[in-house]
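If you read the protein sequences in the order shown, they are chains A and B.
Position in the first sequence (first residue = 1) + 28 = this note's numbering.
Position in the second sequence (first residue = 1) + 216 = this note's numbering.
There's no promise every hint is true.
Said to hold, decoys possible - Computed beta-carbon distance windows for the label pairs:
#, chain 1, residue 1, chain 2, residue 2, range
1, A, D84, B, D343, 52 to 58 Å
2, A, N41, B, K338, 51 to 57 Å
3, B, K530, A, N77, 29 to 35 Å
4, A, G46, B, E495, 18 to 24 Å
5, A, N41, B, V432, 31 to 37 Å
6, A, K120, B, H315, 57 to 63 Å
7, B, G554, A, K120, 38 to 44 Å
8, A, K109, B, H315, 30 to 36 Å
9, B, G449, A, N59, 47 to 53 Å
10, A, K120, B, P227, 39 to 45 Å
What the hints assert, rightly or not - Footprint (simulated), chain B over chain A, 3 or more residues, beta carbon under 8 Å:
#, stretch
11, 69-83
12, 104-117
13, 146-156
Quick caveat, the hints were computed from the structure, so don't treat them as lab data.
No residue lacks a Cβ here, since even glycine has one placed at the ideal position from N, Cα and C.
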Amino acid sequence: MDYTEKVLEYFRNPKNMGRIENPDGVGKVGNPICGDVMWIYIKVGKNENGEDIIEDIKFETFGCAAAIATSSVVTELAKGKTLKEAEKISNKDVVEFLGGLPPIKKHCSLLAEEGLQSAINDYRSKKNERNR
Amino acid sequence: MIYMDYNATTPTDPRVLEVMSKYFYEKFGNPSSIYEIARENRKEIERAREKVAELIEADSDEIFFTSGGTESDNWAIIGTSFALKNKGNHIITSQIEHHAVLNTCKFLSKLGFEITYVPVDKYGIVDIDFIKKAIKRETILITIMHANNEIGTIEPIEEISKIAKENNILFHTDCVQTVGKIPISVKKLGVDMLSLSGHKFYGPKGIGALYLKKGVKIETLIHGGEQERGRRGGTYNVPGIVGLGKAAEIAKQEMFEEEKNIRYLRDKLEKGIVEKIPEIMINGHPENRLYNTLNLCVKYVEGESILLHLDFEKIYASSGSACTSGSLEPSHVLLACGIPHEIAHGSLRFSLGKYNKEEDVDKVLEILPKIVEKLRKISPFWREKK
Numbered sequence: 029m030d031y032t033e034k035v036l037e038y039f040r041n042p043k044n045m046g047r048i049e050n051p052d053g054v055g056k057v058g059n060p061i062c063g064d065v066m067w068i069y070i071k072v073g074k075n076e077n078g079e080d081i082i083e084d085i086k087f088e089t090f091g092c093a094a095a096i097a098t099s100s101v102v103t104e105l106a107k108g109k110t111l112k113e114a115e116k117i118s119n120k121d122v123v124e125f126l127g128g129l130p131p132i133k134k135h136c137s138l139l140a141e142e143g144l145q146s147a148i149n150d151y152r153s154k155k156n157e158r159n160r
Numbered sequence: 217m218i219y220m221d222y223n224a225t226t227p228t229d230p231r232v233l234e235v236m237s238k239y240f241y242e243k244f245g246n247p248s249s250i251y252e253i254a255r256e257n258r259k260e261i262e263r264a265r266e267k268v269a270e271l272i273e274a275d276s277d278e279i280f281f282t283s284g285g286t287e288s289d290n291w292a293i294i295g296t297s298f299a300l301k302n303k304g305n306h307i308i309t310s311q312i313e314h315h316a317v318l319n320t321c322k323f324l325s326k327l328g329f330e331i332t333y334v335p336v337d338k339y340g341i342v343d344i345d346f347i348k349k350a351i352k353r354e355t356i357l358i359t360i361m362h363a364n365n366e367i368g369t370i371e372p373i374e375e376i377s378k379i380a381k382e383n384n385i386l387f388h389t390d391c392v393q394t395v396g397k398i399p400i401s402v403k404k405l406g407v408d409m410l411s412l413s414g415h416k417f418y419g420p421k422g423i424g425a426l427y428l429k430k431g432v433k434i435e436t437l438i439h440g441g442e443q444e445r446g447r448r449g450g451t452y453n454v455p456g457i458v459g460l461g462k463a464a465e466i467a468k469q470e471m472f473e474e475e476k477n478i479r480y481l482r483d484k485l486e487k488g489i490v491e492k493i494p495e496i497m498i499n500g501h502p503e504n505r506l507y508n509t510l511n512l513c514v515k516y517v518e519g520e521s522i523l524l525h526l527d528f529e530k531i532y533a534s535s536g537s538a539c540t541s542g543s544l545e546p547s548h549v550l551l552a553c554g555i556p557h558e559i560a561h562g563s564l565r566f567s568l569g570k571y572n573k574e575e576d577v578d579k580v581l582e583i584l585p586k587i588v589e590k591l592r593k594i595s596p597f598w599r600e601k602k
């Protein structure tokens, strides 16, 4: 199976690339030996109801076209969402958004899910430390 | 379009296409038949056989037409292993062979043959001492490629064939990447068998040949009619064979002129990339390398990403990694050369040919640095490194 047009489009023009200085949470997932590494940075703010939301999100990725496209998509899906909503974003949502991924590239979407979760977890554990 | 993937396949030379075109409608006869249109085609096949033989300095009755490099490799390895199975069951090959050889050996190991995979140095040159030590009473065949398709490194075939001869072991070489590119003499190389493929030197796809030295004992692989003196069945691929003959004739005449031009372009490309892009690693042997091949690793980015960006610009190259073809492992060739996984993931191969022009090289040198910069900008390792 080849890449969908959408994968190629997101690979070619990814959104939210780069890093956030002094992020509230960082998720570092993947392994250079396997050829895919994703770092997801988040900045957390509050909405009108006082809930934690993802105010800003950026990524840095070393990897193939699927890795770059899924990084971009997961950041777009998460941006502006409450942490509770963002936590529910799964690799399936990412794959669906892209109109499918070649079977051998499915792990890239998992990496995107894990990267986001891990950034949220990082934020929470830092917050807990501060509150202790 | 800028095509720089000649090691994958070449466009068919229009002169080859022209001679082939007569053999589809006008001269379609089956050469194995008795009537005149068949007899004529039989003659054309023998003429093509002579031209192929001339290209590698063999006798024409030592040339057997096949469907291509893969079949030639399969036939040479399986055919001799089966013929010699009472003598022994040990085969020596290298870690960097093409999959046509590696997977054939893997198949034989399932049938009880023992395979030794000879390691290579950082340039991809096989370890001769390792071969000498690996030889034992049961060794029946050594198969080592002439030049590697990914990195272009040229192996010391003459030296290995001497060792094989001293030990009374058959020696096969996969010359798919060298026939038509550099002068080849089976006598000088001293090999018993040699595989070649038409589409790697401006001939058509689906045709190749196996050189079988007189007296080599081999079993048939493709069973059928009495074609190829009863050793390879199947209706003659007349257009393919005639095309291969024409490609061989052209290569013999024009090879040296082509080499000068292609080598100049490849060297310019290599020098330009190294000058314009930091952290580049050139793979393969600095001197003993095919003049058309440039394999390099771009550190901190992944090869497939670069290739797709090149593709958007209509520049066609390839990656050592089989990333999209069903494997996530980087190239077995680069790993055998000792290149770490994370660097091998960033490999790129440009293989040039006779239709490349200087403007093509200039264009790649203009576009590639921008692509690498863009990808490195989003690579966590690049920023960490800086």
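Consistency of the hints with the structure:
1. A:D84 / B:D343: 52 to 58 Å: holds (54 Å)
2. A:N41 / B:K338: 51 to 57 Å: With a Cβ separation near 38 Å, N41 of chain A and K338 of chain B fall outside 51 to 57 Å, so the hint is violated.
3. B:K530 / A:N77: 29 to 35 Å: violated (51 Å)
4. A:G46 / B:E495: 18 to 24 Å: With a Cβ separation near 20 Å, G46 of chain A and E495 of chain B satisfy 18 to 24 Å, so the hint holds.
5. A:N41 / B:V432: 31 to 37 Å: violated (58 Å)
6. A:K120 / B:H315: 57 to 63 Å: Hint violated: Cβ distance 34 Å, outside 57 to 63 Å.
7. B:G554 / A:K120: 38 to 44 Å: holds (40 Å)
8. A:K109 / B:H315: 30 to 36 Å: Violated - the Cβ-Cβ distance for K109 of chain A and H315 of chain B, about 46 Å, lies outside 30 to 36 Å.
9. B:G449 / A:N59: 47 to 53 Å: Holds, at about 50 Å.
10. A:K120 / B:P227: 39 to 45 Å: holds (43 Å)
11. 69-83: violated (count 0)
12. 104-117: violated (count 0)
13. 146-156: violated (count 0)
When the structure is compared with the earlier hints, violations turn up for hints 2, 3, 5, 6, 8, 11, 12, 13 and for no others.
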